[in-house]
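The lines below spell out each chain.
2 protein chains.
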Amino acid sequence: MEKLYLDDLKPGDVFESGEYALNAEDIKAFARQFDPQDFHLDEVAAEAGFFHGLIASGWHTAAITMRLVVESVPLASGIIGATVDLSWKRPVRPGERLRVRTVIDEIRVSRSKPDRGFAHTISETRNQNNELCQVLRSKLVVFKRP
Amino acid sequence: MEKLYLDDLKPGDVFESGEYALNAEDIKAFARQFDPQDFHLDEVAAEAGFFHGLIASGWHTAAITMRLVVESVPLASGIIGATVDLSWKRPVRPGERLRVRTVIDEIRVSRSKPDRGFAHTISETRNQNNELCQVLRSKLVVFKRP
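In the order they appear, the protein sequences are chains A and B.
In the numbering used here, each residue carries its 1-based index in the first sequence increased by 1.
In the numbering used here, each residue carries its 1-based index in the second sequence increased by 1.
Chain A extracted, bound-state conformation (with noise of 0.2 Å):
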């Protein structure tokens, strides 16, 4: 993929990842280690609980998210995060299959450091029936054509 800088960015621009399958098992190691609660690692207290079955952490899909956008949003600098907004409008579930379409909103030119500036995007992650589980908005710092 050709490497973006700032100049190449505008709003509108979309970008489309790959998919990301995630099953029982990824859903436990991942809450093992940083989100260890019952409605992430034990179907049958989770079955009886909140979310009536084991669901991924809210922590889980935004890594996936990142995955996906760092495969996807080929930024010459890569893909540094300032200030992010997550919203979770849906669990995850074992065997679901995540993708995320990134659009930039805005462009903005640093005011003090005139070799940079922000895209703020909008990254949606949806599953494989096309159901919205994570809204993400970024403010990334982009580097400009050197």
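Accuracy of the hints is not assured; some may be wrong.
Copies of the same chain look alike in the list, so a pair counts if it works inside one copy or between any two.
Stated by the list, open to error - Straight-line alpha carbon distances no greater than 20 Å define the calculated EDC-like cross-link-like pairs of lysine to aspartate or glutamate that follow:
| id | residue 1 | residue 2 |
| --- | --- | --- |
| 1 | Lys29 | Asp8 |
| 2 | Lys4 | Asp39 |
| 3 | Lys29 | Asp86 |
| 4 | Lys29 | Glu72 |
| 5 | Lys140 | Asp86 |
| 6 | Lys29 | Asp116 |
| 7 | Lys114 | Asp14 |
Note that these hints are calculated values from the structure, not bench results.
As the structure is a prediction and not an experimental result, all values here were calculated from the model.
Following the hints, complete the assembly by docking chain B onto the known chain A.
Positioned in the frame of chain A, the structure of chain B alone reads:
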């Protein structure tokens, strides 16, 4: 720890976590799976790049923060996030030890579902030198005492 319901929380309540240490191998292992970029994977390339050395993925810092919040904020129904804002203030580097201080910012009872409400929390993640690495603002779903 005594489990807490919405009724037990009030603005200004503070929860302090334990510590979580991470090394270069932890940083690379997370990055290989979720954020495969040079500055998280390769010391030599990282040294020459934007961050002047290997740094943890911001999503790794966020996931560690969740682990520390799960361990330190004993909500009866668990830590269930609806939306969050994340701001990365300072990169986390190999050998650092992170801890999280969570403050209750606001409590709201749900209008549509009287058995629950929302706790707005601010979780600051600091390293062993008390330097601020990340600020996480969360809107958590919290149940009332049955």
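Hint-by-hint comparison with the structure:
no., hint, result
1, Lys29 / Asp8, "neither (42 Å within a copy, 31 Å between copies)"
2, Lys4 / Asp39, "between (42 Å within a copy, 15 Å between copies)"
3, Lys29 / Asp86, "neither (25 Å within a copy, 25 Å between copies)"
4, Lys29 / Glu72, "between (24 Å within a copy, 17 Å between copies)"
5, Lys140 / Asp86, "both (9 Å within a copy, 11 Å between copies)"
6, Lys29 / Asp116, "neither (43 Å within a copy, 29 Å between copies)"
7, Lys114 / Asp14, "neither (24 Å within a copy, 40 Å between copies)"
Consistency with the previously given hints fails for numbers 1, 3, 6 and 7, ordered from lowest to highest.
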